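*Asks:* These are the residues of each chain, in order.
6 protein chains.
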Amino acid sequence: MLPTITPPGFLWPKVVPGTDVKVNEWIKQLQGLDEGDKNWDVVMFGVPLSRSSISASGASEFPEAFRRSWKGFSTYNIDHETDLKDLNVADIGDVKMHFTDIPQCHRNIKETMKEVLNHFPTSFPVAIGGDHSITAMLVSGMKEIYPKKEIGILQFDTHLDLRDLSDHGPTNGTPIRNLIEQGAIKGENVYNIGLHGFFNSQSLIQYAREKKVNYITLKEARKMGVVETVKKALAELEAKVDTIYVTIDMDVLDISFAPGVPASTPGGMRTEELFEGVYEAALSPKVKAMDIVCLDPTKDHQAQPTVKAGTYTFLTFLTGLLNRE
Amino acid sequence: MLPTITPPGFLWPKVVPGTDVKVNEWIKQLQGLDEGDKNWDVVMFGVPLSRSSISASGASEFPEAFRRSWKGFSTYNIDHETDLKDLNVADIGDVKMHFTDIPQCHRNIKETMKEVLNHFPTSFPVAIGGDHSITAMLVSGMKEIYPKKEIGILQFDTHLDLRDLSDHGPTNGTPIRNLIEQGAIKGENVYNIGLHGFFNSQSLIQYAREKKVNYITLKEARKMGVVETVKKALAELEAKVDTIYVTIDMDVLDISFAPGVPASTPGGMRTEELFEGVYEAALSPKVKAMDIVCLDPTKDHQAQPTVKAGTYTFLTFLTGLLNRE
Amino acid sequence: MLPTITPPGFLWPKVVPGTDVKVNEWIKQLQGLDEGDKNWDVVMFGVPLSRSSISASGASEFPEAFRRSWKGFSTYNIDHETDLKDLNVADIGDVKMHFTDIPQCHRNIKETMKEVLNHFPTSFPVAIGGDHSITAMLVSGMKEIYPKKEIGILQFDTHLDLRDLSDHGPTNGTPIRNLIEQGAIKGENVYNIGLHGFFNSQSLIQYAREKKVNYITLKEARKMGVVETVKKALAELEAKVDTIYVTIDMDVLDISFAPGVPASTPGGMRTEELFEGVYEAALSPKVKAMDIVCLDPTKDHQAQPTVKAGTYTFLTFLTGLLNRE
Amino acid sequence: MLPTITPPGFLWPKVVPGTDVKVNEWIKQLQGLDEGDKNWDVVMFGVPLSRSSISASGASEFPEAFRRSWKGFSTYNIDHETDLKDLNVADIGDVKMHFTDIPQCHRNIKETMKEVLNHFPTSFPVAIGGDHSITAMLVSGMKEIYPKKEIGILQFDTHLDLRDLSDHGPTNGTPIRNLIEQGAIKGENVYNIGLHGFFNSQSLIQYAREKKVNYITLKEARKMGVVETVKKALAELEAKVDTIYVTIDMDVLDISFAPGVPASTPGGMRTEELFEGVYEAALSPKVKAMDIVCLDPTKDHQAQPTVKAGTYTFLTFLTGLLNRE
Amino acid sequence: MLPTITPPGFLWPKVVPGTDVKVNEWIKQLQGLDEGDKNWDVVMFGVPLSRSSISASGASEFPEAFRRSWKGFSTYNIDHETDLKDLNVADIGDVKMHFTDIPQCHRNIKETMKEVLNHFPTSFPVAIGGDHSITAMLVSGMKEIYPKKEIGILQFDTHLDLRDLSDHGPTNGTPIRNLIEQGAIKGENVYNIGLHGFFNSQSLIQYAREKKVNYITLKEARKMGVVETVKKALAELEAKVDTIYVTIDMDVLDISFAPGVPASTPGGMRTEELFEGVYEAALSPKVKAMDIVCLDPTKDHQAQPTVKAGTYTFLTFLTGLLNRE
Amino acid sequence: MLPTITPPGFLWPKVVPGTDVKVNEWIKQLQGLDEGDKNWDVVMFGVPLSRSSISASGASEFPEAFRRSWKGFSTYNIDHETDLKDLNVADIGDVKMHFTDIPQCHRNIKETMKEVLNHFPTSFPVAIGGDHSITAMLVSGMKEIYPKKEIGILQFDTHLDLRDLSDHGPTNGTPIRNLIEQGAIKGENVYNIGLHGFFNSQSLIQYAREKKVNYITLKEARKMGVVETVKKALAELEAKVDTIYVTIDMDVLDISFAPGVPASTPGGMRTEELFEGVYEAALSPKVKAMDIVCLDPTKDHQAQPTVKAGTYTFLTFLTGLLNRE
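Those protein sequence lines, which keep their order, are chains D, F, P, H, A and X.
Counting in the numbering used here, the first sequence runs from 5 upward without gaps.
Counting in the numbering used here, the second sequence runs from 5 upward without gaps.
Counting in the numbering used here, the third sequence runs from 5 upward without gaps.
Counting in the numbering used here, the fourth sequence runs from 5 upward without gaps.
Counting in the numbering used here, the fifth sequence runs from 5 upward without gaps.
Counting in the numbering used here, the sixth sequence runs from 5 upward without gaps.
It is worth saying that the hints were derived from the structure and are not from the lab.
Be aware that a few hints might be false.
Put simply, identical chains are the same to the list, so a pair is met inside one copy or across any two.
[Said to hold, decoys possible] Below are the DSS-like pairs computed for lysine-lysine, each with C-alpha atoms no more than 27 angstroms apart in a straight line:
{"hint": "1", "residue 1": "Lys42", "residue 2": "Lys89"}
{"hint": "2", "residue 1": "Lys32", "residue 2": "Lys100"}
{"hint": "3", "residue 1": "Lys26", "residue 2": "Lys223"}
{"hint": "4", "residue 1": "Lys223", "residue 2": "Lys75"}
{"hint": "5", "residue 1": "Lys223", "residue 2": "Lys236"}
Just so we're clear, the structure is a prediction, and the values are computed from it rather than from any experiment.
When you get a sec, could you build the whole thing from the sequences and use the hints?
*Replies:* Structure, rendered in structure tokens:
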């Protein structure tokens, strides 16, 4: 049954919310500003933009597929014996998009991030993409709100996302370079975990080295364990920056776990590694915002492994937030 | 964007409903009885039952897939220059189902039909299945409300649905026999259009003949045209009965048009024939209720031809209702 | 349940064959020669060869998929009010194939046809391919048994199958030329219905004209109707030959009806046209053998429209046989 | 084998082009301007833009899928006994696209059309989309080259494409209105064939009426036949305009024939109707350019019915060009 | 070739069973009681029931798909250098199911288990589901035959299956609670391995704790290894109970390995872990019966990873049985 | 854009090859012998033969799919900080195949290998299958060129490929036995890594033992690590033979990573294990030739995990070649 179909009263009894709560029954979908006053722990919004992707992408469909998948998840995380119901999470809808004016879309995303930070100053913002170009807008909006704060990036990705903006503008191949070049972040404050194989050209590696971007290939990360690698990256970041932004490009996952991304590859991360890494990231008190990008439900299998992995990633991250000391 | 996500007020402007209305913006999803007072032209409800099907069926998923498809349809029917907005349609939700007590499910369906007829006496009820077993419950509920009225059936189907109930109870192969045997209808007041090929055994034909069920094979129907056949059947029914119930088993369609049914077959009806036949049926003033059954979205192709055909059928039927003289 | 699983006696009651017989319960699967004595009306065998196809083909899987589909079909044909149970049909298994010696496969096919004609002299042989190369072997075997008889061919096909054997040997593009060049048939005794579009080169047309092969494009056939075209072809053949062989290449069907063929095309025949044409063909008393070829179940959709169309074609043909005067 | 893999000389013999020519062997793929001097009958180019589509679309992939499908088609059209080899066709590559600057993409398309008309003044240009937004650019480019000429449009479409540009700019829902509002064409010189069902809002119909756009629903077109309808539209256009541009939105086709479009619908045109209509259109001496748009290969079935239908449409159109008197 | 098609003798030589035996040639499919006298090591039966599932499930199709997959497996297990041919395995068919009377289906399952235990007292029974509701019936039947024996459960599952029966009766979410509440087993004698993520509500955890159900999350199990975890669970069970029943819910597997289950999830077990755990379980002399449930072939990929994993699990379990000391 | 479409000069600027080179821009596709003079490090050719497969296979389509996938791969391998651009790689096209004469195909393959070794004596040959039958031809050709050299085989496979040739000739189940029996190699010089489960009969194991074929099951290999196992096998081979041939049957991979093989199985190797093993193999100076076989793109998922894994394997092997000391 659609989550929105509350059956009428005369025949179908009212649903009595018990202890068995599904995610769709728990996350509050706000209908307007007046509801915005509540002291939300997490404020989530969709960013349905993928016309800025290098290759054809349906990542714009993810926010809807993400919400629809909620009913398949309980709020209780058995691995951490944590019930997410104790967290107040609001879904404030999707950023408004224009169909042919991509710069306008990007401005809307940045403005939304600024509004969210202003309007919900104590909440943790989570953006659900959309493609990776949005991260440049979101972090840049954050930087405008907190201009004095040094921002670091923890990135899970198969790609460096350091392409030259002068080639094709702010595509999903450019967000990290975009932020470095506009001065919002420093290259040395970027930690990218998950690179592997033949999906980054030598010139991007050279740029990364010049800018001192920290990239840890999946192979290296596995040597000490992905979780330990994340811990180490966070420790270094915590020593250097005020605020950490976590960005998860779902193409970091292996094609057998995540066929539903614009450019799926063999040799990538397993879902369990991502889930554990993301949990660890959420524990860090300096992590202040997060996004999940480049998940294209139109390329997913019928059983939706990638969409479910996206939702699982989100909920695992929230588990970490709730378990912060 | 999910139909339910009304974006908050501060960043995303309110949607201003203009003349370009999608079906999901038009059909009113009721949340309770208090809204039931309005003078609805059509009252629609889902019947998510398919565990009573002979073969494994996901037809229980259709009510949700049906509603989700609405946003792909405008309310304006260009073929008949009719805007459905002039019709007041309420969606009152789904009949409550039990997971292991099929007789209870069937009782709920019958009771719902009775409640709907009592509560919305001037509305036209439409049931969205679910499998064909539900038709026996719906018509039987109608008969209890109007015990004096003679009810006729106009059926679009690849099957006679006259199987013996003593074999496996009220499955999706039995509804018409079920109704005949319980005395709710007479065999001679059933008109079944669309039979073809090798999908009905000789014993069912014999039963049909004994009970004087009128069956018109697709081949015969095409000789005079499906629309003309429907007109003729309606004319005969109008002369014999007080009330006509229209039941549309989506497996009447050819497998190339409707792969998403439990037992799709070659040699079936084209969608355009069904749409035209259904429009004609809706014009008849004695037609008082309708259902669409045996559409299994889990077997559909990715582009959802069958789900879309189901929604198109529903909207075309409503167009006919609106254009009744 | 698998057709072969007869449940043991103590718990599961014996199936009591009633009037509702499925095709798998009706066609007798012979286990050896001793059963061969019965006076079968039709003797059917599988020819699981497709390594002789020009492009990669899984048509070798069709005999198994064909038999497995039987349980979805009743023996009663409602369009012709005919119950196939009155026909005695034996399935004698599959021709033995070698995995790397295609000429040996072809010899086995020819020998099988000869054995069948010798051993079941009063039966009607039906071969289930496999690719179209097998038709040359089957007809050639028939010619050796009846060397004095003039054999004609009624072919439903998108292709002429007149490719030069000196290019790549007896592939699925060559059977008709193969038969003409070995003298088994005359070009003028071939009637090919269903050609369309861009799938036959000009050189093949030239060869067809030289050899006086009668080809009727689908467009032309539709002008008088496919059934009338078949009737006309049969009438001409009946006046010229002693024996007519019907060969049905399933790629004659449009890609929307039959995606499961090695080279599916738009612009092809509808299933209903094929079914009606095939029924008509079976009525002709001079039609003495038949095959169905180039149906590749590995390319079919999940709902198996092509496999079902193949079985429907076979059963419709049998209906015609039964209704011969 | 890839069309580009010419095997070396020592082991693999040279392919000797005979009379059996495939489309990929016939259409000349130009590598630079110097080859542009030849007197080409048709000059074809790809327009891989679909980020301007309302919904997520992979129509940008069609030019590549289109070219790759050529090897499945012979140059000989058996329906019209015409060999396309007699036509000189050049493929000049794809229009260069920017990844985030949609206006720049649109300018490139317009400039390309102008360059093509200037550089190949006697050739017939064919554009392979991409989404329908490109038609506004192509016709507008043509208008700039021939400012004195009155241009008419023959459109095959499920949609009017008359959406308001002020909503979301020049998307695939707007090209006809775009052209009317910039004065490149008059509404009364647009003939749209194929509308049906619930896919155009009432406001667009009103706009169409105001601007005197001629729209003929599929249902109406079928009453006199699609071919006759096309003939009538062409006759009227020939009397009113100097130049006719044919634009084919593949979503005019029924979802069972063309699942691979962004918004496939039931109740649409059959491929055979489109092919015949397009052939007729190509015969008109005033038809001077053509495009095929909104075919999304990423949504197609594995057997590629939609891609093949696109190529079939193109080749059928060329057949008509060759057969012009 | 279908396993049932033994080709006739005159042309096709008899298959001479050599050392290369496929599973379908080895497992004996019994046709009636008289064959039941043999001293079978293992007696296997199908339980094609899934209309008792919470969500729409085609697990009823697994027994047939399971048997059909046998021909892809040799009897020789190279990992354990064991040839299963040394085990006598009988397939006695499927439990008879009613289409609308689920309680009757459940009674039949229980009665079958009792009959099997009575009729084949020295054989090891294996049930092939069907959904997980059947386990309650099978174990309960076993308890009635051996009322004095304490029965323990080793469960591989993503879910606790401890839902309240008063909600929706004995669905696939309830079997363990069902058995506890009817007194057939004690909670402390249940060992559930494989729980992870967000798929069990807090109330079920509470119930598990109250009843002392031993649940080991996948994460915990991996710390010492899945095999070691199974060993430890068996050791504890062996100390407490007389008889151990192994139940394998295939949804314990990760969605990338097993898409073909009603509710596939990311973060689950790998097939190799399940295979090794199951082998270990079969070695325990107290393990006396086993089932495999909730495998839905209609949701599987074309290459059938889940069906093959089910068969592999079964054969690996048999390998363990054969290698018991 | 197709790799072959170089856009003309007037509108589309020339592509300026920078440091970001895709594999399709790097590998040189030779058009004839005259280009053969260059001192290529690697010479690659396709072997599009799969009609010699036991079961229906589309592995003949892999050479084309392989080449088409190149544009998704950069030449830079981040795991080994190696840019493949430093290697000169030529693609000399495909071996010419006959459609019905499999022995002729096999002769062509052998002759090609001999020609390649003669014509490019300093180059490393790589063959892209096709099915595994080709390996017997390739190694046998190599043996004829270097009759004095002892050749060893390093094989990654789920099967022993030791079937008896007298059964069905040189299929994909026989290459290793074929080479042993013709005396080209000794059994003791074969190292097969990756066997598991139920996919090799006991008789083949017996043959392997008789011939002293070294087979290491995946389970055993994982005990010391796949890389260490490969190292050990190479060390033993290097001590015994002059030349090592590496043959990679892609069915060694688990079905979840490689659905696109003729007989995919659960319980197989992970891609990362194969990539690392293959890299190690390429480092050995005695490794002199390599093939990749039994990858069937027609069975792959839409995202092409298997095709991409094949290309990844090839590029990883080349990385090893480049990094040889």
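*Asks:* Out of the numbered hints, which ones does the structure contradict?
*Replies:* none
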